[in-house]
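Enquirer: Residue-level listing of the chains:
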Amino acid sequence: MTASLNLDKNMIAAARARRLPVDLTDEQVQQFGAEIEALRKRIMDSLGEKDARYIRRMIKTQRYLEIGGRGLLFAGILPPAWLAGTAMLGVAKILENMEIGHNVIHGQWDWMRDPEIHSSKWEWDNVCPSDQWQHSHNYMHHKWTNVVGMDRDVGYGILRMSEKQPWHPAYLAQPVTNALLATFFQWGVALHDVEFERVRKGEKSFSEAWGQLKHIGKKVRKQVIKDYVLFPLLAGPFFLPVLAGNITANLIRNLWAYMIIFCGHFPDGVEDFLPEDIENEDKAHWYLRQLLGSANIEGGPLMHIMSGNLSHQMEHHLFPDMPSNRYAEAAKEVRAICQKYGLPYNSKPLHRQFGSVLAKVMRLSLPNRAPKQAMVSA
Amino acid sequence: MTSVLRPLTRFGHWLATPLLPESYLELIDPLLGAGLRGRIERVIRESADAVSLEIRPNSRWQGARAGQYVRLGVDIDGVRHWRCYSVSSGNASRDDSFTVTVRAIEGGHVSTWLNHYARAGMVLMLDQAAGEFVLPAGELPKLLFITAGSGITPVMGMLRSLAATGREADVVHLHYSPDEASNLFADDRRGLALTHGWNSLTRLTRSRGDQHFSADQLQTLCPDWRDRLAYVCGPQSLMDSVSAHWQSAGLNEQLKQENFRPALKTVAAGAGGEVRFWHSERAAEAAGDKPLLEVAEQAGLLPKHGCRMGICQGCLVTLKEGQVRDLTTGEIFGEAGDMVRICVCAAAGNVTLDL
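From first to last, the protein sequence lines stand for chains A and B. Quick note on numbering: numbering that gives the first Met the number 0 labels position 214 of the first sequence as 213, and the sequence is numbered without any gaps. Quick note on numbering: numbering that gives the first Met the number 0 labels position 10 of the second sequence as 9, and the sequence is numbered without any gaps.
Each hint should be verified, as a subset may be incorrect.
What the hints assert, rightly or not - Distance condition first, Cα-Cα at most 30 Å in a straight line; then the derived BS3-like pairs of lysine-lysine:
| id | chain 1 | residue 1 | chain 2 | residue 2 |
| --- | --- | --- | --- | --- |
| 1 | A | 142 | A | 163 |
| 2 | A | 120 | A | 347 |
| 3 | A | 120 | B | 319 |
| 4 | B | 319 | A | 203 |
What the hints assert, rightly or not - Now the stretches of chain A that chain B is said to cover, found in silico as 3 or more residues with beta-carbon under 8 Å:
| id | stretch |
| --- | --- |
| 5 | 47 to 59 |
| 6 | 104 to 111 |
| 7 | 114 to 120 |
| 8 | 219 to 229 |
Rather than coming from a laboratory, the hints here were simulated on the basis of the structure. Note that CB positions come from ideal geometry on N, CA and C, so glycine has one too.
Go ahead and model the full structure; you've got the sequences and the hints to work with.
Expert: Next comes the structure, spelled out in structure tokens:
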């Protein structure tokens, strides 16, 4: 596949020494980076009215769905109304968190200069305060993607999701830990930036963590009062169906968000890295690492919207601040660029990506079986 | 009324968290959304290159005094732009609609767009009216208005408010326009002058070859100008000669001025630099003649600001490092801790702002 690129064996060896697992010379990596950069510029320069209409319409749809869902739940004593209301509220929460909130907080819509759809102002509908998320996600995760020990999204501090993480007997329980994380995903996300493991090791002060916890507590209070107290109370005699509907809607959102997010970086074929791999990393190598460290989910338009376009996780990692409605367009070109440079383009249907994630959760709960022969012989 | 509403609103906030009740109400009507907004009710073509927009603001509107300006937030190609326009309809109370008049200026992105695309039904973002270019309260002294081009708009507002409120006033109005076609509100002015006995003088400087403003001309047309409270609004050249004349007569106190556009000096070879935004941990390269406010906006920040022309102090930001160039004077200044008007200051070398 790479023969046509006329590779120099010594230069490949040099590139290998940089430890990114690709058969490209440094020069080719730079070319690759320039093409990705040009693609980014082309799309970002073409943003306009149509994109603004897209996000505004998405926000409107989400709000109608939420009102509809909560309305139907007031009639939740009737099973069809309960089911429909819960499903609508669940979908509304998914859209709010994923296609709207996550992307707005990334600054994808900042170019519109609308303070109501701006990364500095958006607060999303879950228990994690947006500003903490901006630190743990936009900075720690997107800058240090899949660098074990730096990107805390590799296992979220509780799971072992890379062979490069040392094994510990506690990881034997990780099939269970994983299921709990999926169920209580929004809470895991909220507590993520507190970095309990660093507090325990004394790397982070207790008072700093306490400050963050108080901040989270304020948000939690509002969220809990809304979903689990006020709306059920408003329903009067139907308190319980509404409460159950709201709990279920949050659960649906948790499970779905967990699944999509785990499919972004943990499926088979996704590379992870060590801090020494990224010493003196330039923009082109950063692009390359983003590409190698992410995976896409194949699917139709509905899949893309419901996943907040994280089905285009590779494009999202290359261009975190590009409006999500443009990822599909970018994906075609990224795929072509990958083909040209003989780079893997990891895109599979949801069941295959998630299947391999679950297999990894199981496999890595045990110690590594044997040193990886493939790497040594290559 | 409010005592009933307050607990209700608070309850609404708890239900709508993390959004606002307005976020849902705007589904019914965009005017119910958060913040001050208005709907264009009527678009009136005033001349080939000027339109008046009659705007019905929402309940947050606090009213405008004749002569003040309003900032309009207009979305063009998906991007929001803010510009100030003078209210041309006179006083507007909280429940009234008001009118702004927009002349398409050459290269003016927003004014040109509004002239082409503004339609009844469109919703715009607004700011509360502001500005000190207004008539004094109480008994009025003798008045003199000197205007040119679209500088007529705030004065038109004042004339209309005088007429609407029936306040007695001795008015001389000296207006300069290139030709009859671009002579805004010509009929209205004539009508008002006839009805109220005002002395309304128009000089057509291009089509009729009339003289521009001069001291001699003023002396001839309005011999008692020294006894009048004077208002001037128009292009920079007019503002400069009028204010120089009043200054030399020692009558500064009696002259009120309204700038329309920031008079930015073109500073020769003004080097820019890197602008670092301290709080948001962002940075951008900036040319030496580009207002820091624009640099920040293009870097994805939303700094607080007002007039965008250096007059309202709504955009003051603390300078943490470096120096800035005041684009209205060309002066380079700055020490850490200085408050800088970022709408009219540019980077003079590397700069760090507390943003």
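Enquirer: Compare the structure with the hints numbered earlier in the document and write down the numbers of the violated ones, lowest to highest.
Expert: 2
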